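So you can see what is in the structure, the chains are spelled out below.
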Amino acid sequence: KQEVTQIPAALSVPEGENLVLNCSFTDSAIYNLQWFRQDPGKGLTSLLLIQSSQREQTSGRLNASLDKSSGRSTLYIAASQPGDSATYLCAATGNQFYFGTGTSLTVIP
Amino acid sequence: SAVISQKPSRDICQRGTSLTIQCQVDSQVTMMFWYRQQPGQSLTLIATANQGSEATYESGFVIDKFPISRPNLTFSTLTVSNMSPEDSSIYLCSVTGASNTGELFFGEGSRLTVL
Numbered sequence: 001k002q003e004v005t006q007i008p009a010a011l012s013v014p015e016g017e018n019l020v021l022n023c024s025f026t027d028s029a030i031y032n033l034q035w036f037r038q039d040p041g042k043g044l045t046s047l048l049l050i051q052s053s054q055r056e057q058t059s060g061r062l063n064a065s066l067d068k069s070s071g072r073s074t075l076y077i078a079a080s081q082p083g084d085s086a087t088y089l090c091a092a093t094g095n096q097f098y099f100g101t102g103t104s105l106t107v108i109p
Numbered sequence: 001s002a003v004i005s006q007k008p009s010r011d012i013c014q015r016g017t018s019l020t021i022q023c024q025v026d027s028q029v030t031m032m033f034w035y036r037q038q039p040g041q042s043l044t045l046i047a048t049a050n051q052g053s054e055a056t057y058e059s060g061f062v063i064d065k066f067p068i069s070r071p072n073l074t075f076s077t078l079t080v081s082n083m084s085p086e087d088s089s090i091y092l093c094s095v096t097g098a099s100n101t102g103e104l105f106f107g108e109g110s111r112l113t114v115l
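Heads up: the sequence lines are chains A and B, in that order.
If you read the first sequence in the numbering used here, its first letter stands for residue 1, the second for the next number, and so on.
If you read the second sequence in the numbering used here, its first letter stands for residue 1, the second for the next number, and so on.
Quick caveat, the hints were computed from the structure, so don't treat them as lab data.
The reader is advised that the hints may include incorrect statements.
[Stated by the list, open to error] For lysine-lysine, the following PhoX-like pairs were computed, each having C-alpha atoms within a straight-line distance of at most 25 angstroms:
1) A:K1 <-> A:K68
2) A:K42 <-> B:K65
3) A:K42 <-> B:K7
4) B:K7 <-> B:K65
Quick caveat, the model's predicted, so the values are computed rather than measured.
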């Protein structure tokens with residue numbers, strides 16, 4: 001069964017810093033890797049989707065990469081802002097969606 | 001993309017009661033997914049709802065506890081029956097978009113607290 005791990009579980013950074021969030025998965029036979037943002041008590045907002053044939057996707061200050069052979073994906077956030085404070089989850093798509101437990105990000109003004 | 005509306009956004013319920021959560025999508029979709037997110041945990045798939053057939057439940061979830069309706073291609077409901085404090089969670093409706101990329105979209109979630 002696919003297992004998805006996100007380390008660290010929590011991260012605090014000062015405003016303006018660039019940061020990287022990590023996502024590892026055990027089964028490289030995935031269709032997609034998707035990153036989400038979740039604000040407290042709310043649903044998930046899709047940030048970036050990387051299809052299995054792709055290596056990376058970019059949206060604004062966000063860049064996500066995928067290395068299937070090593071079972072890793074990273075989400076790079078440039079010039080972090082307090083409004084980026086949220087929990088970030090990754091999900092690997094196989095025969096169903098497998099979610100990590102998330103990284104809780106706090107950006108300190 | 002897909003826009004998903006969920007109601008209620010939050011509720012406080014008494015032990016032993018039942019609550020129905022509604023999920024409305026702005027486009028026709030084949031499958032709708034219901035997830036549960038317990039406090040501090042990741043998402044767990046409860047069931048997949050297909051229009052015109054019985055929902056498919058994941059291990060550990062049963063129809064008597066979580067009955068699901070799927071009357072058409074844009075709407076579904078999930079009922080949490082005979083609630084206990086252990087059912088306090090965020091319940092999330094989701095769909096894959098129409099683009100066939102497999103991208104998953106979520107509603108705003110329904111945050112239930114059972115006293």
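Structure-based check of each hint:
no.: 1; hint: A:K1 <-> A:K68; in the structure: 16 angstroms, holds
no.: 2; hint: A:K42 <-> B:K65; in the structure: 23 angstroms, holds
no.: 3; hint: A:K42 <-> B:K7; in the structure: 12 angstroms, holds
no.: 4; hint: B:K7 <-> B:K65; in the structure: 19 angstroms, holds
The structure fails none of the hints (numbered hints given earlier).
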